[in-house]
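Two chains, two separate frames, one set of hints: put the complex together.
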Amino acid sequence: MWDLFKAELQRFRFWCLAYASLHLLILGFLTRVVDLAQQPLLVYRSIAAVYALSGLLFGLYQLGNYRRSNTWLQLLHRPLPHWRIAVALAAASVLLLLIAVALPVLVIAIWQKTMTARVVDLRHWLLPVSAILIATSAYLAAGYAVLGGRRFAISGLILLGLLLASDAAGFGALLIQLLALLWLAALLMLAFKPDLSASPRSPLALIAVALPLQMAIYCALVMVCFGVELLWIMQGSHPNNSTPPAGGFVEANKAAPADLLSAGLAVSARSEAALWQEQIALSEVFQVFREFERLPQRHSLSNLSPMEFDDNERGERWVFSHDRMRFRGYRLSDGKGVGEMGATTANAEFTTPALPIGSLPGFAKDDALLMTANGLYQYQARSRTTLPRFQLPSAERFAATPSLVGESIAILSDRALYIVDGRSVSENEDLIAPRLSIPLPGAIGNLTRIDLIELVDGYLISFTYTSTAHNARVDPYQEIVQVHDDGATEPVARRVLAMDYPTWHRYELWWLSPAMHSLYQGATQLFVADSPLLRIDKPAVPLSMRWLAATLAVLSMSLVLLLSRGLVLTRSRRLAWAAAAALIGLPALISFWLLHGGKERG
Amino acid sequence: MKSTSTLLLCLLIAALVPAEGRGAAQTSDEFSLAVAQERARAPAPRLDRSALLVQDSVSDSVRAPDGSSIAYFRVVGSARSVWLLDTDDGSQRRLLQSTEAQRLLWTRDSQWLLMESPRQLFALNLAQSAGSRMLSALDGPSTRRLLAVDPVRPDAVVLLEGPRPDAVAAERWRLLRIDVRGREEVLHSSARRITGFAFEQNGRLAYLARLDGEGIGVYRLDDERALHRLLRCKPLLRCSLLPLANQQNELLILGDAAGDPSRLLRMDRNGALHLVHVDPRGAADIEEIAVDPFDGTPLLASHASTRPASHGLGPSTRAHLARIEQVLGARSLSIQPGGSDQAAWLIAERASALQGTRWHLYQPRSKTLHRILADPPLQQRSLRSTDWIAESSLARKIAFDWTASDGMRLHGQVMLPPGRDPAALPLIAQIHGGPWNHVRPGYESHTQLLVNRGYIVFEPDFRGSTGHGFGYLIAARGDYGNGRVQQDIVDGVRALLAKGIGDSQRVGISGASFGGYSSLLGVSFEPDLFKVAVALVPPTDFGWDLRWVSRSSEALELSKFLSFEDWLRLVDLDLADPATTLRLQQQSPLANSQRLRRPVLLIAGGKDCRVPVRGVIEYAAKLKRQGADITLLIDPEAGHSGGGPLAREARNYLVERSLHRHLGGDAADPPDAQLASYIERTLRLRGSVRSD
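Heads up: the protein sequence lines correspond to chains Y and S, in order. Note that this note's numbering has the first sequence beginning at 1, numbered continuously upward. Note that this note's numbering has the second sequence beginning at 603, numbered continuously upward.
This is chain S alone, in the form it adopts within the complex (with noise of 0.2 Å):
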């Protein structure tokens, strides 16, 4: 009787709340919804830790321009094999038994695939043994880097070839074709940075982005080759040009150029910016578009927010993405589409509840869709194949909005353990890094651990976060210390305690990286309301890290167009402003060590380029010697990502161990041997967390 009822609430539930991703403004009614959705589902049975920890041995596919054929990685660990799936009869054939190349593309003409590696751009001929060929190596000062595959030449690349990766002026900037026999072609060279460049149909090169002060802008080059410009985009907003305008050959641009969030947009002859697609609840920035492989006609738009979405740009493509999403659900979708009804579609579906990546085929003509790629994972430590964790047993992300105190609307995620009573169970905020980031809506692997052990997870995409607009991201203000955006954290975790999700006395505060340091700021400045930290390599002072970064050359990595220091004084934060930097010491973790009354888990490595190491041990040093309960692991090899499988694990195992300890959570499972003289090797303060 009991489980007929719990089916009939499940039926009502899902007749009246949209669907994950669905695109709608949310409201109470429709979060409770969720919540109930939620509630009502079977509980989850109590998961292997490793067994959360998989990886797709398929990766990276990509469809033939002709649709023939799918080019894709197998992976194994860190060893990549490329392998080539016809489309018509399934077969499958390795092309390469080992590879560095960490993307493959193709060229228009379907004949070569392209394997690009951070060394070199390697071409190789699917038509004949004979021709393959390195097109361009891409490391060294004078970088390389691959644009684009020329939109209308059947078989080239356009590269953009600069001094050095920061460089902005003094040395010339060089746009080149490179075809697959190795011939070169200079298409422009400019003393200004390149950013971006359309061809029109004719396959003349018609319009350039470069960079223009601390902004972009759009150019178009006569036949001379005279540059007139269009358009100015504002430092920060995006400006991105689609290699290839229209059938009228008018350019497309994606980016904030004409308002928020970012759109899509088509510039006709006279310089006017018309709209072509912006996300209809008009919240999130446009991830993704993809176009028709041969004239570059923009068919599908996706958006990665809090609600992921994936809009047809033309009656066709809705009408088969409607297709779709009948047969897959609402799912994060990425689709290669082709540029007939003859030509099949490559999609890769995604979902928070669903481990690792699926692929599809889908014929327009028959509208039908079928499994393609359907490996098993690997265990990540192990690398023995394993089974996908059934879809009901791993928690869904429920998108939850909530107003700060200063008013201003914030967007962000929650996890529910399935079939709990969420008023009762222990509530963890788990902060993004960047914090120029945002918080995707695909499967996680640490958050389904921390939901299957019992906690609800919050993941705000408090103000700074990209994903919801150029406002929402500049709305920061350089507020990074114990101030706006921490503020943004905590109204969140109390808006969620306030709607009866999570046992407020029972919250703690995770996170990496950026992540990190709001945790520490967390318990450091609320520790009424967080009882607990987890901060995974954590700056302990936001602005001396990136006064640090800003000497190291993880700098050129970071700052894309304009240099690192600029690019930080645009979101106010100017390194050279004694005010910014003293406001960000003055409120930082390290500064107020002495106010930390609760245990804190710290992970870190040293090898960490992003966030030193001696930043978190100066300040485990101190909360050490004021007798704070701190746990300390260093990992002396593992970088700012954390580490390989071994180093994951024994963070999961230790989070679980600190939360079980302070939250009371599920206990975790004892580690094994191998992983237990890890840990034994790593940890430095045992802190209240001590290995078994």
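Isolated chain Y, as found in the complex (with noise of 0.2 Å):
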């Protein structure tokens, strides 16, 4: 084992020098140019999929060059145990990777470090690990692709798509990494076989391969109906194709603001409506987006957006440090550390990450706005301090970034819109107390737009709820309201918008196997944080869609049924396929093909 071990280090050992020392010099050049530290998600995202697919195309070449007949038969005719080969052939990988990949993260962080006054946290160092995990499962999941069932086993990769689509951050991104390398290697040692082309066989081993193939099958399945979509589109009526269905949602997402505002109005009671229509057609019209769906999470391996922000008259960067919970600084000139700035004029910690979000009308030229997940500070470049200026209550979020509306500033929280005096903003450095509280009128997670004019008295303020409601996760509505500028709120009026799409066609996320739905919104969220941001007002499903998914479930089962009759199988198995596809519908009955059908026939 220890043999086989070292060989394969020998083997590709030229191959990961030059590609560590490739990556040391672009991540070298990289950091010299900008911080690594404090790049955007999509950044990260990137860069870890040049890991995946370093990895996977290292396990397709180093495998699929093993599988071939007389090598494989070669390779596992040893005298040790077919796991340790698989072992050793694994821990060799893992160690070319290390080098290769997690190496050169490690040595730019340490640099980082040791030569500059650059921020380096707990999460920076996490880095390496993450890109070790997701390299590996690449690693992984090329070799089960090569060495298990040519008919399924491609389907190990849907377990790094899981990566992409998780919501998990910080250690939980981890965890989640973590976990799909687990299931990949037992995979790959499931699969790590002398008969390639036999079927997983005790039942442990038959969920661990069904389960992320049936996944891939349903992922598959929504492709398919993705594809449907697309010649929809290609075919030109599609609600998305030139003019929009009238009186439907997709119609109200792409409205210009004043016409939105008089639609909706158009159905109002109130005797002012003739009034405020021709006030719209007159004024500006100012709009308020929703903007996070997450705020920036203490530890997280990525940034939303650069938590850095400059004081160009001292020339200094603040880098905000998950670690101190504070933000520290350098000088732009030469690189040195000037210091570590808290929250207020005490230097306390800030309690959740602060995100510089740039600045506000009446702020001095160097002054930033910072942003925690319900505060917000002044920084202010005069005293090199940092002032507490907004507070939302204690449970609310931030949604968006402050936005001018008129001489006011909005203020979007999960569960309000403020209206802030921009006197507030200028005149003093105290908290400023928003003058207008506006409830939401529906759940954050579903608001698309906002809408508004000034009125002498106050707002007339939309609220169009549509976001998501082309898969059904919201019944399309707007609602209107005037606010007095005492703060009384009246309604308007409440329109409600078309679907816009067929029924099925919104909710085939659902039928195409509702089991299957649920365990992507749970593995998707597995190791997240609640997030308030994401609260809808989802609507029951229908009873067509329901008697649609429960038909395809009967017609799974009876198939399988059907199926296996020819098939060597136990009657136990037989049965639990048949449960599997009563339970989980097309996936399942698939996937039972494409595990036993073709062979094992009786």
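No lab work stands behind these hints: they were computed from the structure. Careful, some of the hints might be misleading.
Taking CB as the label site, the calculated pair distances span [as the list claims (entries may be wrong)]:
{"#": "1", "chain 1": "Y", "residue 1": "Pro361", "chain 2": "S", "residue 2": "Asp650", "range": "35 to 43 Å"}
{"#": "2", "chain 1": "Y", "residue 1": "Leu42", "chain 2": "S", "residue 2": "Glu1282", "range": "12 to 20 Å"}
{"#": "3", "chain 1": "S", "residue 1": "Gln730", "chain 2": "Y", "residue 2": "Ala348", "range": "46 to 54 Å"}
{"#": "4", "chain 1": "Y", "residue 1": "Trp232", "chain 2": "S", "residue 2": "Glu1282", "range": "37 to 45 Å"}
{"#": "5", "chain 1": "Y", "residue 1": "Arg331", "chain 2": "S", "residue 2": "Ser987", "range": "43 to 51 Å"}
{"#": "6", "chain 1": "Y", "residue 1": "Pro245", "chain 2": "S", "residue 2": "Gln1107", "range": "37 to 45 Å"}
{"#": "7", "chain 1": "S", "residue 1": "Arg721", "chain 2": "Y", "residue 2": "Val496", "range": "50 to 58 Å"}
{"#": "8", "chain 1": "Y", "residue 1": "Ala165", "chain 2": "S", "residue 2": "Arg721", "range": "30 to 38 Å"}
{"#": "9", "chain 1": "Y", "residue 1": "Val496", "chain 2": "S", "residue 2": "Arg1197", "range": "39 to 47 Å"}
{"#": "10", "chain 1": "Y", "residue 1": "Arg384", "chain 2": "S", "residue 2": "Ser968", "range": "35 to 43 Å"}
{"#": "11", "chain 1": "Y", "residue 1": "Gly522", "chain 2": "S", "residue 2": "Glu1282", "range": "57 to 65 Å"}
If you only want the chain Y side, here are some residues facing chain S, beta carbon under 7 Å, derived [as the list claims (entries may be wrong)]:
{"#": "12", "residue": "Leu275"}
{"#": "13", "residue": "Gln279"}
{"#": "14", "residue": "Ser283"}
{"#": "15", "residue": "Asp421"}
{"#": "16", "residue": "Glu454"}
Positions of the beta carbon are idealized from the N, C-alpha and C atoms, including for glycine.
See below:
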């Protein structure tokens, strides 16, 4: 085993060192140009994709070579248990990936920590760990795809897809990556046997193989539906084509602000509606959009956006440290550290990571606005301190950065829209009290847009709830309220928007397999802290869709029973497959056919 | 024969009528004679709309204390460069190609030029290339404001540092001296806002003014820097200290502390006040005091109400001023005198019929005057060099006083188209903004355009206006709805019509800001008198607008020492009093839109920080719903001042068209393509005034 391990290391040592050198060179160049620790999520995802591709290609090459019949027999024809051969190969490969992928990342982190004043937190030390987990997972997925059954082993890639789809952050993301790695390792071990075409025998092994396969089939079916939708778009009658259907949510999403307000007012019974229509035509309509689904979480591996801002007058850059929960500064001219800056003049820890989000009218030139989960702070360049300027109630979270509405500022949380007077921002340094607090009429996760005009007595505000309506996570509607200057809110109109898509299309993610749909939701939300910004008002599934799903389940079960009649299967396994088909539906049926179809006939 | 008799009539009138600005109480005969004088002038040629919209290519000239140089801006559009004129040989050289500075000042030693911008105070060393530096940042929540050039040190300035623009307590205010090497010295620190200071001749800070409650207290500082109150000026009264005491180290105060109108006072060592100067007519506030640049002695006082006037404060300056007026005629003069007969004076000459500013150097020793910096102006829109319009083609402002229906004597100004019969001409009441402001006697392109198109323009300083004394200012008692102030304007128009000025069937009302509000009130409540209104950036409910402004950062700009709300309360506009706001609301154009029967031209700016466009829009929407003849232009980028040159010209064009259609003045020249495009883009309601 040790010899095989060493031989495998020697076999790839030049490639490994060449990759590691090139990798280090590229990261070294990039880190001179930008702070790699402060890049947005897209950059980290792109780099992770390169690591995954590297592991994938390596696995395909290495195990693809071994898979050839003679080579495979030669490999396994050793006085060692098969699993020890597999471990030797995999361990060597992990070590190679460690050197090629993780080590350069670690070297860059060490350089940044020791040679610069840039922030290197615990989360940045976890990046090499994440890199090796991703690369190894991809390697194992490739190995499983090569060695597993030709009809189904490609499904291991779905576990790589989970890494992309998961909403987990920080340690949660690492756990997901570790879980995927362990699952893929188990799949590789199961596939690592003399008869590469044999199906898994034990129930546990069958579940380990079948579950990702069924999820992959479910995702493939979703892609088929998406393909149908593409054909629909090509055909030209899709709601997203040119002119959307009148009165529907697509039209509302695309409408010019004045048109949307006007359309909502058209169903109002208020006597002022006609006057407001005139005002809408003459006014500037302001817009507020929901921007965040999640806010920065402590120790998350990536960034929503770079957590830094510059004080140009002083020539300083301030970067948020998740470890210290404070900003740390360094001079842009020579990179020397200039200290630490916490919340308020007491230099306290920020309660959650503070994201720099620009400035506000009334701020001095180099002042910056910093946003935690429910507090806004002003970085005051003059005093080089942060001042608390706005605080949401403790249970609320910001859903957007503040936006200008005339002379006022609109602040959106998951519960309310706040209007703050511009004077409050510029005249003092105290905590700002909102002049108006307008409760949101619906769930923040469904909110697409807010359109408003100024009235002499307050505001006329339209809330449009259409987000995720295309996959039935809300029954779309528009609600208009008048907010008086004294804060009183009066309903003006509620317009129910047409669905635009047929019901079967909106619920396709569900009826294709309710169980897989739930599993997908559960898997992507595993180790994820609950986010109030994702709260939705999900309508109940219509009866017709329930019947459709039930019919597919019964059909799948019947077909499993029918197809299994000619196969060499125990009665209990036949029944288990039938039960799985009844529970899971089409993915179970197809997975049964892929795993057992075409062989083992009695 | 006819021209000869006209000439004789002119000569006769010129002999009898005090020239514009000469101080004397107005009588009915004086006004009639002034009208006759205008009637006797040759009719003005039709002026091109854009010819009236020009900008000075030289501005803000300041004389070095030693008289050797004059620093000034050259202006092209919004770009400014800094230049220096040598007063000996007349040579000019550019110091800076571009600057953000808004104001120039000299240090006392004439070696440093100070440039003040909204962001910073910069000192430019004119003696050598090294040493120039920023003296202080001026922006940020903790602001610093330049109060004065240090009147005793050769190369320093005095600044006031405050925690915030509106702060009145809780944090300390500091009076700072900063010299050109950047050294700072705290002269005084106070928990109350410092509003003024004065040094003794020996350089000791001896007097201080600061907020005392809502008024201003004047204090003497003893050798231990302890404060002893000498005077308490009641709320709203002005109490400005001249920064240097006189030769006897007596404090000089400009303000209303000893009566109406504002005057220059001397406080003796016992605290008694003595009059130094007041308007001889007893009518106008002092606008400006010119002092000796070295010992601070007040030399000249000028007034800028309906009758501009300057007065020498000593025999010598009186003689020099007489000589200057002999050459220039009666003008609105801004004079920067020298400290001795050797040093030349810098004189800025302005007048209602004089486009722009003319700069002169006066040599006291030879009593000669010669013009300097005589660069031609720039056309505002094209920035091309153009010629000044001849004074003979422009109208002059005539002071007009009238008695309001409650007996109060009020002041205003009238402009008549030269050489035309005033009884047959349409009349426009042009209402000033503010309302705490007054009509200046200088050139105004908009009113000149109206007069050139055949309208008589009446500019009333209704009660509540500034410039006519404290009593005049507070006489409005907050009655800014359809009440006393509006009645003053109506009374003024009727008084003019009664004198045969204007055709009573062709009267319009126009104005910007508060003037726009008043115009809307005029056509809403006096439709028989006013046949058309032109309202630029008008608040449509004054009380609501003040409340709105109080929430915006603009409030910090408007209130000077007190908070905006406190200041309003002192002028009887208590925003916390529901009765006040309800009265203003009930009398507002917005609440009385259904009364409107006359055509209205509304122009507003999308970025107006003083009059929110939403008030104008709601008003316009109401009028449109009821089918009124309403034209609405909104420039989304324009602020309260109305936008750039294109916006100004578009406004003038639409006003011309509207007034021509409804009052029958001269027709407007069609707009060029750029102007037409702008109007098409910004005109939201077309009413009866359509762009071509």
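Status of each hint after checking the structure:
Between Y:Pro361 and S:Asp650 the C-beta distance comes to about 39 Å, which sits within the given range of 35 to 43 Å. The hinted window of 12 to 20 Å between Y:Leu42 and S:Glu1282 is violated, with their beta carbons roughly 43 Å apart. Between S:Gln730 and Y:Ala348 the beta carbon distance is about 50 Å. The supplied range of 46 to 54 Å therefore holds. For Y:Trp232 paired with S:Glu1282, a C-beta distance near 42 Å keeps the hint of 37 to 45 Å intact.
Y:Arg331 and S:Ser987 have their C-beta atoms about 49 Å apart, which keeps the hinted 43 to 51 Å range intact. At about 58 Å, the CB distance of Y:Pro245 to S:Gln1107 disagrees with the hint of 37 to 45 Å. In this structure the hint that S:Arg721 and Y:Val496 lie 50 to 58 Å apart at CB holds, the actual value being about 54 Å. Take Y:Ala165 and S:Arg721: their Cβ atoms lie about 50 Å apart, and the range 30 to 38 Å is violated.
For the pair Y:Val496 and S:Arg1197, the beta carbons lie near 41 Å from each other, so the given range of 39 to 47 Å is met. Taken as a hint, the range 35 to 43 Å is violated for the pair Y:Arg384 and S:Ser968, whose Cβ atoms sit roughly 59 Å apart. Between Y:Gly522 and S:Glu1282 the C-beta distance comes to about 59 Å, which sits within the given range of 57 to 65 Å. The closest approach between the C-beta of Y:Leu275 and any C-beta of chain S is roughly 6 Å, which is under the 7 Å cut-off, so the hint is satisfied.
A distance limit of 7 Å between C-beta atoms decides the matter here; for Y:Gln279 the minimum to chain S is near 4 Å, and the interface restraint holds. Restraint check, Y:Ser283 versus chain S: the minimum CB separation of about 5 Å is within 7 Å; hint holds. This hint holds: Y:Asp421 has a C-beta 4 Å from the nearest C-beta of chain S, less than the 7 Å allowed. Annotation: Y:Glu454 was flagged as interfacial toward chain S, and the flag holds, the nearest CB pair being 4 Å apart, inside 7 Å.
Hints 2, 6, 8, 10, counting from the list given before, are not met by this structure.
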